[in-house]
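**Q** Between the sequences and the hints, there should be enough to build the whole structure, so can you do that?
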Amino acid sequence: MFRHILIACCLVCANAAITKPTLPAKATESIAAPAAIIADQRLNLSFSQLGATTPMTLRGIDGSGYVGFGLRLDQVVTAAHLTLSYDYSPALLPNLSHLKVILNDEVVGVVPIPAQWHEGRHTAEVDIDPRYFSDFNRIRLQLIGHYTLDCEDPAHSSLWATVSNSSTLALTLKPLASANDLALLPAPFFDRHDNGRLVLPMVLATADLGLLQSTGEAASWFGALASYRGARFPLVLNAIPEHNALVLATQTLHPAFLDDWLAHHPINAPALAVIDAPGKPGVKLLLLLGRDQAQLKLAVDALVLGEPGLTGTLATVSNIHYGQPRALYDAPNWVPTDRPVRFGELVPSLDDLQAAGHINAPMRVNLRVPPDLFPWRGRGVPLDLRYRYTAPLSQDNSTLNVALNEEFVHSFRLQPSGQGGTTNHMTLPLLEDGSSMVREKLSIPAFRLGGDNQLQFEFRLDLHKKNSCENAALDNVRAGIDPDSTVDLSDFPHFTTLPNLAYFANSAYPFSRYADLSHTAVVVPDKLDRETAEAFLFIMGRMGRATGFPAVRYRLAAASKVDSVADADLVWLAQPGRDAMLEKWGEKLPALIEGAHRRLDTPYRFLNAFTNYGQTLAPSAQAASATTELEANGPIAAIVGFESPLKAGQSVVAISASSAAAFPLAEDALEDPSLIDEVRGHVALVRGRHVESYQTSAHYDVGSLPLWIRIWVVLSRHPLLLTLLGLGSGLLLGASAYAALRKVAQRRLQAQGD
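Numbering-wise (our numbering), the sequence shown opens with residue 6 and increments by one.
Keep in mind the hints are simulated off the structure, nothing from the lab.
Certain hints may be false.
To be verified - Computed beta-carbon distance windows for the label pairs:
# : residue 1 : residue 2 : range
1 : Gln329    : Gly284    : 44 to 50 angstroms
2 : Arg692    : Ala571    : 32 to 38 angstroms
3 : Thr632    : Ala571    : 25 to 31 angstroms
4 : Asn481    : Ser53     : 29 to 35 angstroms
5 : Leu651    : Ser53     : 45 to 51 angstroms
6 : Ser416    : Asp335    : 46 to 52 angstroms
7 : Pro345    : Ala366    : 25 to 31 angstroms
8 : Gln329    : Glu697    : 55 to 61 angstroms
A quick note: this is a predicted structure, and the numbers were derived from the prediction, not measured.
Think of the CB as a built atom: it goes at the ideal place given N, C-alpha and C, for glycine as much as any other residue.
**A** Below, the structure written as structure tokens:
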């Protein structure tokens, strides 16, 4: 998505002067990085690693399923072996039934059904010709099943086979030499065909805050590119990395191994270059250079904003024209909330909105929205749905089922006439293929919306059976969701109650409200070690993943200079013994980790993964009833959200650990799908593979509401006040009615007296 962003990108030119941190001696050691690919590599990938979260079920006489995977541009397959683990129906005829193995539309193997059926898992081995592999590949398994030599029902329940997602694909990969060409970027440092987690080392001479400022911006860009894959950024200090890496350097602060290169290429301007790592065959280095830290930032800006214009081995930056800062809620990864949005804008390919056959997988439309959308009084999200299908010959049970996040929303019966639903709609012919276009309007329950959502549309087209030996049906039915269908979030105000760590864990909220992080500052200890710096780079990668845009306007500050960023929302990486803010703010935190010492305010509500992510947690006036202080020598990490003591309405998310080595606990909790759902409320404590979240009494509001809604929100939070207002209104109304009736009575008496 960044290939269309060149000049009209935003950035603040001014950089705050920050003091250099003191680096411990042990931080000069480089951490272990993935080994360089200098020989053939062997991968053993299970179907579950390739995206098959459940076993693959094949039904009918021509049932099929597939898994997809990519291959890096700098690798080629020299050998491939497929091991299938499967079960099949005992009713299948072995001399007619078999499994076809298809790679990229080429048949590469056939697995016959064994003549003797037995209970338990069956195994088949298939060697695949490596010439059929490409940059993106799809292995499709097709069941050719028959259960009788006589007339058969193509949808008979005995026609099935199940392929386990523990089946494996073994690949032997040979490295390919790649040119030192900036035109290949972001490859080989990030390859979109690689489905694994991105591990990209960052090489610095020292953990200087000025260098880390630019490194964090680069990490956010690569985090956005990595997206669902996840990203980690090992920090290598003054050493040659073992894997493809970024090197950020200035004339005075650069790794020693660059001395010879810089002697022939002096830094006179912001520059970018790709070189071979000295003494490391197959390892590429992307150099981001500047005479000083301001020029270095320009070089990084040129990478993240102008990458499509880079070519050759070396490029210098003459100038960058910056536009206006990003507007509120305009992150590229988020669905716009100021207008109706077409489905065609939300899917990678329009083919994702097409279906063929009577039974098919749901069509999926991802909706990533700001988590602070405020639903009020049951108002739903308007959906203008347009779809088409091959109309059945007669009334049957064909339906279109609509679901949100796997929860059923609505079902439309598909009519022979092409009219759907229960109300009148216009039906339009679609060319001359016999299909019909239908337009429906429905409402999605807004309370089911979270940050990451998915709409599922599943066509179930009935199979019409005929008499015996006349029931063979052509599987030529088609259906599709029109890309002009829209979803409209423009009527929902932005308002929520914080802290809510689920928003931070899933959407980097509230920092991601501005895609360029122009209202965000990251605070790190004055004495910065490597583990804390890596945690900082991880957080920046998560920010980029959430917004889809590089953090070109964020600020980085040492803890002793936190007052200089008082106007910003803060991400605080707290390190015991190295952080002046712990002494200043520690007593205000509901959870404080200081090495072996831990202080925890007793919560009034424990939360778990079943707490609704999109739900604003109800605030309470109840305070913590007790505070527990203890000493423990095991590792623990804490993620804490609270209102900034520096400015009302600003947010702070603090990540602390019992030691620098314990920071990966918090990183895993924010990245692992099995743990991230448990990060909730105001405080999340991470102990190994266990996350426990709870809510305290402190809360504050972010966003704005129309006045009349705001009044009702305030009243709903204070039921006693609402009761008193109700009683007062009743008394006032009664008194007014009594006074009016008394005046009427007095006039009547006066009239009678006259």
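**Q** Evaluate each hint against the coordinates.
**A** Hints and how they fare:
Distance hint check for Gln329 and Gly284: the Cβ-Cβ separation is about 46 angstroms, which falls inside the suggested range of 44 to 50 angstroms. The given range of 32 to 38 angstroms is respected by Arg692 and Ala571, whose C-beta atoms sit roughly 33 angstroms from each other. The hint said 25 to 31 angstroms for the Cβ distance between Thr632 and Ala571, and at roughly 27 angstroms that hint holds. Under the hint 29 to 35 angstroms, the C-beta atoms of Asn481 and Ser53, about 34 angstroms apart, fit the expected range.
Hint check: Leu651 to Ser53, Cβ distance near 47 angstroms, so the stated range 45 to 51 angstroms holds. Remark: the range hint 46 to 52 angstroms for Ser416 to Asp335 is contradicted by a beta-carbon distance near 35 angstroms. Against the hinted window of 25 to 31 angstroms, the Cβ-Cβ separation of Pro345 and Ala366 comes to about 27 angstroms, which satisfies the hint. Under the hint 55 to 61 angstroms, the C-beta atoms of Gln329 and Glu697, about 43 angstroms apart, miss the expected range.
In the structure shown, a violation is registered for the earlier hints numbered 6, 8, in ascending order.
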